[in-house]
Amino acid sequence: MADNASWITPAAAIAESFPDGFSELRPCAQVNLRGDIADLAFTDAVKSVTGLTLPDMPNKVATGKDFKALWLSPDEWLLVGEGDAEALVQSLEDALAGQHVAVNDVSANRTIFELSGPHSHHALMKSSEYDFHPRVFAPGDCVQTLIAKSQAIVEQVGENMFHIYVRSSFSRYVGGWLAEALAEYNEAP
Amino acid sequence: MLNIDCPWCGKRHETEFRYGGEAHIARPEDPAALDDTEWAEFLFMRKNTKGYFAERWLHNNGCRRWFNVIRNTVTHEIVGSYKMGETPPKLPKSAGGAK
Amino acid sequence: MTQHFRTASGGRIDRKKAINFTFNGQKYIGYEGDTLASALLANGVHLLGRSFKYHRPRGIVAAGAEEPNSMVQLGEGATTEPNIRATQISLYEGLTARSVNVWPTVEFDISAINGLFAKIMTAGFYNKTFMWPRAMWMKLYEPVIRRAAGWGKAPTTGDPDIYDHMHLHVEVMVVGGGPAGLMAALAAGRARARVLLVDEQGEFGGSLLSKKRQIGAKDEMAWIADMLAELEAMPDVTLLSRSTAFGYYDHNYLCVLEQKTDHLPAAERKGKVRQRVWHVRAGQVVLATGAHERPLVFADNDRPGIMLASSVQTYVNRYGVLPGKKMVLFTNNDAAYETAIDLQAAGGDIVAIVDSRAEPSGELVEAVRALDIEILAGYAITGTRGGKRVESVQVRAIQKGAKVYTSAARRIDCDLVAMSGGWSPVVHLFSQSQGQLEYDEEKACFLPGTKRQAQQVAGALAGEFTLKECLAGGYKAGADAARATGFTPKRKPAAPEIDEPALGGIEPFWVVPGARPIGEGMAKHFVDLQNDTTAADIELAVREGFESVEHIKRYTLTGFGTDQGKTSNINALAILSGILDKPIPKVGTTTFRPPYTPVSYGALAGRNLGDWSDPVRVTSIHDWHVENGALFENVGQWKRPWYFPKTGETMQDALNRECLAVRNGVGVLDASTLGKIDIRGPDAAEFLNRIYTNAWAKLGIRRVRYGLMCHEDGMVFDDGTTARLAEDRFLMTTTTGGAAGVLDWLEEYLQTEWPELRVYCTSVTEQWAAVSITGPTAGALLKKLAPEMDLSPESFPFLSFKEGVVAGIDARIFRISFTGELTYEINVPWACGLALWEAVMAAGAEFDITPYGTESMHILRAEKGFIIVGQETDGTTTPQDLGMDWIVSKKKPDFIGKRSYNRSDTARADRKQLVGLLTEAPDEVLPEGAQLVFDANAPKPMPMMGHVTSSYYSATLGRSIALALVKGGHEKKGQKIFAPLLDRTVTAEIVDPVFYDKEGERLNG
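Protein chains in written order, with numbering that gives the first Met the number 0: chain G, 0 to 188; chain D, 0 to 98; chain B, 0 to 1004.
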């Protein structure tokens, strides 16, 4: 990964306007992985590198010590963790050599917002047609849907805490939208 | 707004999908072997069914899978969806609706 | 003014909280809990406006959403709203409202003269009278008619209020918070389903708010309070009052307008969301929307003071208002008798009850008889008198079947007429959900029949007109809905003892004749009060040949008002059925469409305004462009720098400077917006072979190739360069606007047509920022930024790429060119784009590096004859049309589009083909889109031979250039062609589309 100091997304410029409970996370390693979940050689190799058993259930997150894996499609996952994306890509490429897979460093492709607090559900209800009710969506779940009019991955990381992954070019739009969605709840009581 | 059952992600709102037109129109194995009429048939001719219709959808804001849906074009009732290569579900006899 | 018509006690108003308001400039006082309508009635104000066509005085008819008359202009300035029903406006301190459709005032309205000409203003009047001469419509007729006829006025400035949307998923949504709806919500809530209950009013309770009923040990108010307390305690039950379900769409998707602050004084609204549209997806919907009372259609039934009987009851019981002190009741059913009892109890006089039934009987009728009120059984009102308020009615004994009544007329003085023609269930949402209606002869109304969606109906909507039926039906509907969504309902609670009168039958009576046949004389039998449609208009429409109810509706405008004909539709239908002598079910019904009641544009838009109306995509370098004075162009959702004007420069000055800098020095472009797709797998090369028109198998590793993508019909739809990263791996670039569509396209073929191909595609558009440096000194600049890199043409030839460190950042550098000059496109991780750009600008200072935008990019590429997909192509353009046969493989057995090139249409010689144009006058820049002809003097319409696709002034060439698609253009080089414009005709010569450096000598710097 390139030097973090020069790492700037369009959302950074409006970060000062973000209310409590909403922030853009600092960059982390994101690797897009495609392969055949039915192939033990593939899943074993991924496990040997990441310690993760890739989720085969749609819209689930597998969490390990250093990485987590978000289900994106029947043959696609997003690996997320701290540390060096390039090193992760290299280890995966080595372990998966000769297999039909695709490994891409996508650390810059999306930025991640963290939405938390009692009104996080309201902000999501204002922004997405997906059902984020606790009966339906719980920690360990992720979903690809629309936030306002932008594609996004929403991952529930804890009670009332969500990570929202959006394409970097949409980050100012989505960041501004969610900040405004929270505005009515951030006035003095 | 339709509620479409993605075979992987479950029911999602129509805004997450892209329409792909009539299903089960396979690209000819050897287009060069077709005469102009046959090729035009493949290119342009589509059914305009009143009633149950098999159509393709793409979950483009979700898992990016293409799949098929059986939808009643009159009532918008969706009978079911199925993955590429799977057999379509059986069609109900009536045109939908219940007393 | 004091509230002379306020009852001594009672009602759901707070008499301790007086509220000041202004109507037509006059100050009044009402109470908290009032609507504007109830407060005006309390002050004795009945005249609220003038009718649409005849400008007749009109007053309040109803007490809710069905009100056809009393529309007002609410508020002033930017927040003013036209045509709001006074019956639906909650009174608040400082409210101001005015009548609409009056000029100059409601008391003296000049257009009332229309009433005198009413004979000629029949159905279709405007259509017939002002059709000819057509030109007069815009100049004369329309402005005058608009002034006289229009309803309220839209605000002239932007709406300052805040609106938003909220999405909600529930198992059971209940529409209507009356007794049936409350029971349904309770049943579903107790079963632990997620429940949403909405009601359009400020209070839940529905019809119970207007009637006195004992339910078990509780009165109606205690019963409602207990129901709400239990529902509010359930965590997954959402109760929304002041919330109207206005649209019922596919798959149980409903939209609800919640009016959050409209009932508050202005000072308390500040900063708050005014209205919120809830977008609800429900597993099951329980419709408990109740019923509206129907007016009776008799002569001059539109005077102020003629109201619906149940609405009179509502004003008396709920608002503590006597709409009149001397009432005549006109009815064809029992239910209305309760209004007489309640009005008398509140201090009003009942002068007479006119009942169209020959022998009314039953509990309520007897109760009225016991009060010594005169009942005229078998009588009808055959006329009314009064100016701005009803003063008397004329009654006659009904002569069954007669077109004219010859029975003796009797005049009865009164100040209020309460009428009841029976009940129409509110089937609007049911009908919107594609449900079919069925006519019930006994109840004389349409009821929900075959349903199309997962729903239940309950209460008066389902024909359950007694409270006992409503409670049982509501509970059952809620329990059934919960069960259908996978929940187990609790046992049904025991039915409480309910004290309510038993009701006798209704005898339909659709239109009342008089001493003269309907339509003769000055009397008007109004069916649709909002649109001034009369029974005679419907007869006329039939005489003129209309029979279908849909045609009659459009011709007479019945039901076309903002009230959607809530009080008029069934009467119109029944009258039509009488004229056609067909039973009502055979006449059919019209379809109800959203919205149930009007919704403001602000609410529909929500927050999707201004910056949020569409996503704005920006690159990581965007803010530098802003700070350095770029003007922007929208490309898809992206903002791209258009050009970078310096102080004092015109646009053309800036473009000239930018283009010359590229041709003579070095320019820099932010190319981050191009779509990028990583394509990987053992069959990746084969896949590209099938997707692109040219051959990919032999492309060397680290080499780059340009490709065209076509649809199966052979038409170009995207282009770009693709690099081979490894034997089994490619990086494809797409056009800025086409990225998402191309990825969908690739996945469609991989997933549906060729699943046997082992290929994975991954979008990496925003992984890579791209900074393109181009011009003769681009090489020297890159050398400075990447001193280690061997840039010699042998090591780094055109159409290849290298990996290396540029300005300290790991980068991929592509040697491609869209300008015709030596170009390096430097790709770095997206979030490092700005760092790279600033390093390039710093290092480029000594080369006088010039940032340029999309407009100069377009000029530079047009000088080279390079196409832009979507500009030179429009979905009907083949590679051959573009003169790009060189990129269409002759050897590959098949690829997408190939077969179509042999179709007779794509092979014909007179297709529109890409050519260059040079205008005769070198400074003349043709407008893009201009049509081209070969004979400028041909009679009109001239045969169109093509159009200009791109046109610029080229500083490099010192003259204008254009690209065009011209029929058979490839064979017409050297010929003259003309562009006939509005003010002149431009002459041009057809030339080769490559205007500059045809030999490509500048590519290597």
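Be aware that a few hints might be false.
A few chain G residues facing chain D, derived, Cβ under 7 angstroms [said to hold, decoys possible]:
1) Met56
2) Ser72
3) Gly139
4) Asp140
5) Gln143
6) Gln150
Partial list, computed: chain B residues near chain G (C-beta under 8 angstroms) [as the list claims (entries may be wrong)]:
7) Val272
8) Arg616
9) Met714
10) Ala830
Quick caveat, the hints were computed from the structure, so don't treat them as lab data. Values in this document were obtained by computation on a predicted structure and should not be read as measured data. Note that CB positions come from ideal geometry on N, CA and C, so glycine has one too.
Here is what the structure says about each hint:
no.	hint	result
1	Met56	10 angstroms, violated
2	Ser72	4 angstroms, holds
3	Gly139	16 angstroms, violated
4	Asp140	11 angstroms, violated
5	Gln143	5 angstroms, holds
6	Gln150	5 angstroms, holds
7	Val272	6 angstroms, holds
8	Arg616	4 angstroms, holds
9	Met714	28 angstroms, violated
10	Ala830	4 angstroms, holds
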